[in-house]
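K.L.:
What follows is each chain in one-letter form.
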Amino acid sequence: MNGIIELWDTIVELFAYDFFKKAFFAAVFASISCGIIGGYIVSKRIVFISGGITHASFGGIGLAFLLGFNPLIGAVIFAVLSALGIQFFTKVAEIREDSSIAIWWSLGMALGIIFIFMTPGYTPNLMSYLFGNILTVTVSELWWMFILNVVIIAYFVFLFRKILYIAFDEEFARAAGLRVSLFNYLTMILIALTVVLNIRVVGIILILSLLTIPQATANLFTNDFKKLLILSTVFAFIGTTSGLFISYFLDIPSGAAIIFTLVIMFGVVRLSKYFFK
Amino acid sequence: MEALIKIENLTVGYDKQPVLKNVNLDICENDFIGVIGPNGGGKTTLLKAILGLLKPFKGTIEFRKDIDGNNRQIGYLPQVKHIDRKFPITVFDVVRSGSIMKNQFKGNVQIKLKIEKLLNEMGISNIRNKAIGELSGGQMQRVFLCRAILSDPKVLILDEPDTFVDNRFEGELYEKLRLLNNDMAIVLVSHDMGTISSYVKTIACVNGDLHYHPSSSISQEQLDGYKCPIQVISHGEIPHTVLKHHH
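Chains P and G supply the protein sequences, listed in that same order. According to my numbering, the stretch in the first sequence is residues 368 to 644, in order. According to my numbering, the stretch in the second sequence is residues 824 to 1070, in order.
Think of the hints as simulated: they come from the structure by calculation, not from any bench. Treat the hints with care, as some may be off.
Residues from chain P that face chain G, not an exhaustive set, calculated with beta carbons under 7 Å [as the list claims (entries may be wrong)]:
(1) PHE382
(2) SER410
(3) PHE535
(4) ARG541
(5) ALA542
(6) ALA543
(7) PHE588
(8) ASN590
(9) ASP591
(10) LEU595
Straight line, CA to CA, 20 Å or less: simulated SDA-like cross-link-like pairs of lysine to any residue [as the list claims (entries may be wrong)]:
(11) G/LYS878 - P/ASN590
(12) P/LYS458 - G/GLY836
(13) G/LYS909 - P/LYS458
(14) P/LYS640 - G/GLU957
(15) G/LYS844 - G/GLU831
(16) P/LYS529 - G/GLU957
(17) P/LYS411 - P/LYS640
As the structure is a computational prediction, the values presented were derived from the model and not from experiment. By construction, the Cβ of each residue, glycine as well, lies at the ideal position given by its N, Cα and C atoms.
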């Protein structure tokens, strides 16, 4: 019992630190945006597009390093451009969708590497963009994440039915006269913003996991779209916060710790469903 | 009587490649048109053009004023093979999606009551909370039929509602459609000629183009006439054949 009390005390003490409070809020915000947007992405089977957008945003980060402005702004520009670029390549230039995604995916990464190579001096934060570092999130980043969460929640609450029907059967929605393309562009922009603003939490390379593993776990419990979005958020929260503590106590990188926790959680839930059903 | 949907000189297809050429067809109240034809002949293309999913290269599709506009009163049952069966959505929500964009419902309660009523009529109210991935073929078709007729459309368009279903359900389905036909025109694409010929009033054979010939009947030999570019056969009191092979 003493051990648990000591652990509890340590956790409470941790919250006295400013950096830890910020990290905790970042985990909460990341869980909400990634839980909801990830639920949509997984249901609509556009995980690969999201991966393309994420990696393409690296080009923007590189450009920002080179020209000396905020890397997240560069990432946003590249993410949105690649989201539109993928749509354009597929619809207008008639390139097969998975190929267009791969083109933008690798183009963004290549540009990022070129820009960073051209940047004079050492770029110390590079690793934190690739693999995330939730412990170094700044207050202004937290504000942006908060605003994004408000937008996402409002979008999904007010337009829930239309989003669901379009995601489920786009053709039917189009036949009913819904402006499907407009919705798809709006959602794509929200996906781009979600990816970029959560880069600081788990990093470009690892963010897909936050958009898919909590959802896969939630999907073991429900086949109702609304419940899936909510449960995904809950599992994302459990994963990110436990990952945060594990990262602190074992002194390992936070992004990797979060992903590892998410996968273990999925595995345990999946196995227990298998054995106790 | 003004046609509900008037298709004139329609040429339509995919990627600038026409599948249907110069098609003319009137869909009038209480019509029950069975659309048949070989694979790739343009059956689904015709439906998609009517639904506004494909833009005509040439020609027009006009809707009678009261069924046009934002509230276009056309019910649609797509081919179930295009449905993502792993999508996390319940039967109730699938049916409810039939109310998308439709303004005739006054609030959620009215929609829910209507859904309950339809599910009961179709004998599937016990599966309302199931995920669509758990359903059998027949249950799926019932669910999608409920969705298609939720908003009381004036025209009901069905793309192969008889795939993945057993014979017993097929009979039930066509009986159900016969009842619905009192309230709405029906356009139905099917592979199963034998069955639909005893329910539909008119048969349109689509193979690149389509002509409309009312008042005639259908026989196996005529079905072999698929080779003919188009053929429309209608079903009368006494089975008889009017159509000649034409090019």
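K.L.:
Take the hints in turn and mark each one as holding or not.
P.N.:
Hints versus structure:
1. Because the closest C-beta pair between P/PHE382 and chain G is about 36 Å apart, greater than 7 Å, the hint is violated.
2. Because the beta carbon of P/SER410 sits about 6 Å from the nearest beta carbon in chain G, less than 7 Å, this interface hint is met.
3. Given the 7 Å rule on beta carbons, the hint for P/PHE535 holds: about 5 Å separates it from the nearest Cβ of chain G.
4. Interface hint status for P/ARG541: upheld, as the beta-carbon distance to the closest one in chain G is roughly 6 Å, under 7 Å.
5. Given hint, P/ALA542 at the interface with chain G, holds; its Cβ is 4 Å from that chain's nearest Cβ, closer than 7 Å.
6. With a cut of 7 Å, the hint placing P/ALA543 at the interface with chain G holds, because the nearest CB-to-CB distance is about 5 Å.
7. Here the hint on P/PHE588 is broken, as its CB sits about 10 Å from the closest CB of chain G, past 7 Å.
8. Annotation: P/ASN590 was flagged as interfacial toward chain G, and the flag holds, the nearest CB pair being 3 Å apart, inside 7 Å.
9. At a threshold of 7 Å, the smallest CB-CB gap from P/ASP591 to chain G is about 5 Å, leaving the interface hint in force.
10. Using the Cβ-Cβ criterion of 7 Å, the hint placing P/LEU595 at the interface with chain G is satisfied: the shortest such distance is roughly 5 Å.
11. Taking the CA atoms of G/LYS878 and P/ASN590, the gap is near 35 Å; set against the 20 Å cutoff, the hint is violated.
12. For the proposed pair P/LYS458 and G/GLY836, the alpha carbon gap of about 16 Å is at most 20 Å, so the pair holds.
13. Pair hint G/LYS909 plus P/LYS458 does not hold up; C-alpha atoms about 26 Å apart against a cutoff of 20 Å.
14. The hinted pair formed by P/LYS640 and G/GLU957 meets the criterion: a straight-line CA distance of about 18 Å does not exceed 20 Å.
15. This hinted pair checks out: G/LYS844 and G/GLU831 have alpha carbons roughly 11 Å apart, not beyond 20 Å.
16. The straight-line distance between the Cα atoms of P/LYS529 and G/GLU957 is roughly 23 Å, outside the 20 Å bound, and the hint therefore fails.
17. Taking the CA atoms of P/LYS411 and P/LYS640, the gap is about 25 Å. The hint is violated against a cut of 20 Å.
In the structure shown, a violation is registered for the earlier hints numbered 1, 7, 11, 13, 16 and 17, in ascending order.
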